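Enquirer: Position chain B relative to chain A; hints supplied.
Protein sequences, first through last, are from chains A and B.
First residue of the first sequence: 1, per this note's numbering; consecutive thereafter.
First residue of the second sequence: 1, per this note's numbering; consecutive thereafter.
Bear in mind the hints are in silico, worked out from the structure with no lab data behind them.
Only a predicted model underlies this, so the values are computations on that prediction, with no experimental measurement involved.
No residue lacks a Cβ here, since even glycine has one placed at the ideal position from N, Cα and C.
Don't take every hint at face value.
As the list claims (entries may be wrong) - Okay, the calculated beta carbon distance ranges per label pair:
hint : chain 1 : residue 1 : chain 2 : residue 2 : range
1    : A       : A33       : B       : D77       : 25 to 31 angstroms
2    : A       : N4        : B       : H31       : 46 to 52 angstroms
3    : A       : E80       : B       : D179      : 15 to 21 angstroms
Unchecked claim - Once the Cα atoms are required to be at most 27 angstroms apart in a straight line, the calculated DSSO-like pairs of lysine-lysine come out as:
hint : chain 1 : residue 1 : chain 2 : residue 2
4    : B       : K171      : B       : K20
5    : B       : K104      : B       : K189
6    : B       : K369      : A       : K19
7    : B       : K265      : A       : K197
8    : B       : K10       : B       : K369
9    : B       : K104      : B       : K194
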Amino acid sequence: MSINRRRFLDRVRNALHRKTTHGQAHIRYEDLAAAVAPDVSADVLGILAASAVEANIHMTRAADHADAGRAIAGIVRETEAEWAHQDAVISWDHPLLERLNVKCLVEATGTEFIVTHADHSGPLTTEDRGAFREQVMRSRIGITSADYCVAETATLVVRTRPGQPGAVNLVPSVHVAVILASQILPDFVSLYALLEKQQASDPDALAHRMTLITGPSKTGDIELVMVRGAHGPRALHLVVIDDLT
Amino acid sequence: MTAIRTEQYKAAAHQGIADKHLQKALSGFQHRIAPATAQRYLSHGEGPQIRQMGHAIRMHAVEHLDRLLAELADKIDARGGQVFFAEDADAAVAYALEVAWQNKVQRVVKGKSMVTEEIGLNRAMEDAGIEVVETDLGEYIIQLAGEHPSHIIAPAIHKTREDVGRLFKEKLGIPYTDDPPTLTWAARKALREKFLSADMGVSGCNLACAQSGHITTLSNEGNIRMSTTLPRVHIAFMGMERVVDKLRDHAVLFRLLSNAAAAQKMAGYISYIGGPRQSYQEDGPRAFHLVIIDNGRSRILADPEFREILCCIRCAACLNVCPVYGKIGGHAYGFTYTGPVGAVVTPLLVGLDRARHLFFGETLCGACKQACPVDIDLPRMLLALRRRWAEGRKTDGFAGSGSAIEHLAFAAWAEMVRRPSLYRSARQMAALSQVVLPHSEGCLTRLPFPFDGWTRGRDLAPLSRRGFVDRWQERVKKRKGGS
Chain A
1 MSINRRRFLD RVRNALHRKT THGQAHIRYE DLAAAVAPDV SADVLGILAA SAVEANIHMT
61 RAADHADAGR AIAGIVRETE AEWAHQDAVI SWDHPLLERL NVKCLVEATG TEFIVTHADH
121 SGPLTTEDRG AFREQVMRSR IGITSADYCV AETATLVVRT RPGQPGAVNL VPSVHVAVIL
181 ASQILPDFVS LYALLEKQQA SDPDALAHRM TLITGPSKTG DIELVMVRGA HGPRALHLVV
241 IDDLT
Chain B
1 MTAIRTEQYK AAAHQGIADK HLQKALSGFQ HRIAPATAQR YLSHGEGPQI RQMGHAIRMH
61 AVEHLDRLLA ELADKIDARG GQVFFAEDAD AAVAYALEVA WQNKVQRVVK GKSMVTEEIG
121 LNRAMEDAGI EVVETDLGEY IIQLAGEHPS HIIAPAIHKT REDVGRLFKE KLGIPYTDDP
181 PTLTWAARKA LREKFLSADM GVSGCNLACA QSGHITTLSN EGNIRMSTTL PRVHIAFMGM
241 ERVVDKLRDH AVLFRLLSNA AAAQKMAGYI SYIGGPRQSY QEDGPRAFHL VIIDNGRSRI
301 LADPEFREIL CCIRCAACLN VCPVYGKIGG HAYGFTYTGP VGAVVTPLLV GLDRARHLFF
361 GETLCGACKQ ACPVDIDLPR MLLALRRRWA EGRKTDGFAG SGSAIEHLAF AAWAEMVRRP
421 SLYRSARQMA ALSQVVLPHS EGCLTRLPFP FDGWTRGRDL APLSRRGFVD RWQERVKKRK
481 GGS
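Pulled out of the complex, with its shape left as it was, chain A reads as follows (with noise of 0.2 angstroms):
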């Protein structure tokens, strides 16, 4: 332990020393728990279909896996390149994403669908990652699974795992999400307390890396008038398949 750290925190310590009578909440601390039960009878399709509407999200309900491939392709034939160099599609290499066959229908488009390459074998070199680089910067969509989605706020949950860069739902100009209804939490409650159960149990559950992601980038900055599309993707779509009737 380096000495500045062991200094600073004795400063913190030595400043705790003393109790404050100010500031005091009327709730305590371990009660909260408690007070905080997740909502679980709840329609989830129906509040995330709203909440995705409140978000600026496209939502699209599909009724299988090959619903939800032609319902991709159809994203990637309406939507044009923001700039010129953006003449392809990236995926992540994903289970879900792999039974889709959305491949065959955006090649047969003329666009050219690249999947984020996985070796497990070994750890990257400069060079994987220089062509991802490249990869991601001229895609004009990038399509993601995700772990869950929150349907209070429409909040897509996604972790690094190899294979599945953030980028791909960041640098692109439109981000497409493909997930299984069951895959829907009813509420933040909900979500956090199955992240710490599986904290619990796994102290890196959280890889290094896991963003919430609600909408498409925006920014009121000027004048407070609402843009889309700030840094981040303009758009967002989300694929709900439906596995649970």
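Expert: The following block gives chain B in isolation, referenced to the frame of chain A:
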């Protein structure tokens, strides 16, 4: 530290009030965001008490800071990140420059961070020959204009679309337009190139989590994700209080923060960052540094009366309801933190004497407490600051030098009220002599020194010839006579 201009509060406030653009922008902002935020607070399953829950979570974290910071640092260490504990602004800046030098950094992209503004990071890096690019659209506009942010969340709130159009025409060489989408996309294009060519990304930290060992960043634009994903080095800065104990604490606080900062249900992006990229990761920085900054915070922590201000989550909801901020604007506060929270935090960081105008300038109307997502009692602390300043240097904690004239006046007053006959004759004398003072519509318009400050901005009702005691006695006499 960044430049401290709190002494110029009065002059800067007058400037703000005279600025028609600013008045329009501020009133529009307050009328739109503040009511929508209040509505959002009522929409949660937990009920309106969610703000008190937020308070309990923050206070718990502040009271266990030593343990939480150690846990956070250990977990980031274990993942290959480097944690540096900085005692003050200079130490934090020196560490950042060292990291930049070791990594041969020439260009830095920054996500919005108030604490880097507090420590004066940009200036120091620029002096070291490094190009620093602010990437939040509001901050970018301010940087191009060579100004400082005037609002915690909407730094360019004082700029009109025409201002931005002229600025971008001059600095980015695009044709003049006052269309916000066109202007936004011009910045998107210009900054995209900066993201791709930058060597280091700088971010703040909204609320780290000790249980999982991650910092978090919130944004709507995606600029912080870009800054922390594309460059090869990421350095994050956090005030030492910006941590919570458990993951579940985020479930409450991130909803409240989104409501409070932008009247949103949920912020666009929340990123958990726990270290540098792994060998399997295609993207992300190869080095991750976290700088935890004290810079006067442990002194605040040690003071029972002001510890509560460390619960603040920097949402700016108090700015959006403050009648004073709404008129004078952010620049008048003369330091990084503005509005009611600035009026409490700034004096605690830079000294009560230097920044006393800030806490005397607020109205104590209480709107800030009601708007606060974590129910911080700002009016209580504004009053406490006034008292500490007036009491002079009696204690070893935060104190001010007070006013000698005020001390004298109150001592004289105390003597006088203890002697009823003296008090009565002094009052009668004042009532008689006030006729020579300037009058208008039955009110005194100017008092003599040392009371002239009171009438500089308002009129005073004159003293009555007969005081309360006289009248009371007359009344009692009459009653007795009548019965």
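Enquirer: If a hint holds in the structure, say so; if it doesn't, say that too.
Expert: Structure-based check of each hint:
Between A/A33 and B/D77 the beta carbon distance is about 29 angstroms. The supplied range of 25 to 31 angstroms therefore holds. Our hint of 46 to 52 angstroms for A/N4 and B/H31 holds, since their Cβ atoms are close to 47 angstroms apart. For A/E80 and B/D179, the Cβ-Cβ distance of about 20 angstroms falls inside the hinted range of 15 to 21 angstroms, so the restraint holds. For the suggested pair B/K171 and B/K20, the alpha carbons sit about 25 angstroms apart, so the restraint of at most 27 angstroms is met.
The hinted pair formed by B/K104 and B/K189 meets the criterion: a straight-line CA distance of about 26 angstroms does not exceed 27 angstroms. With a C-alpha separation of about 23 angstroms, the suggested pair B/K369 and A/K19 falls inside the 27 angstroms cut-off, and the hint holds. With a C-alpha separation of about 25 angstroms, the suggested pair B/K265 and A/K197 falls inside the 27 angstroms cut-off, and the hint holds. Between B/K10 and B/K369 the alpha-carbon distance is near 24 angstroms, which keeps this suggested pair within the 27 angstroms criterion.
Using a Cα cut-off of 27 angstroms, the hinted pair B/K104 and B/K194 holds, with the two alpha carbons roughly 17 angstroms apart.
The structure is consistent with each of the numbered hints, conforming to all of them.
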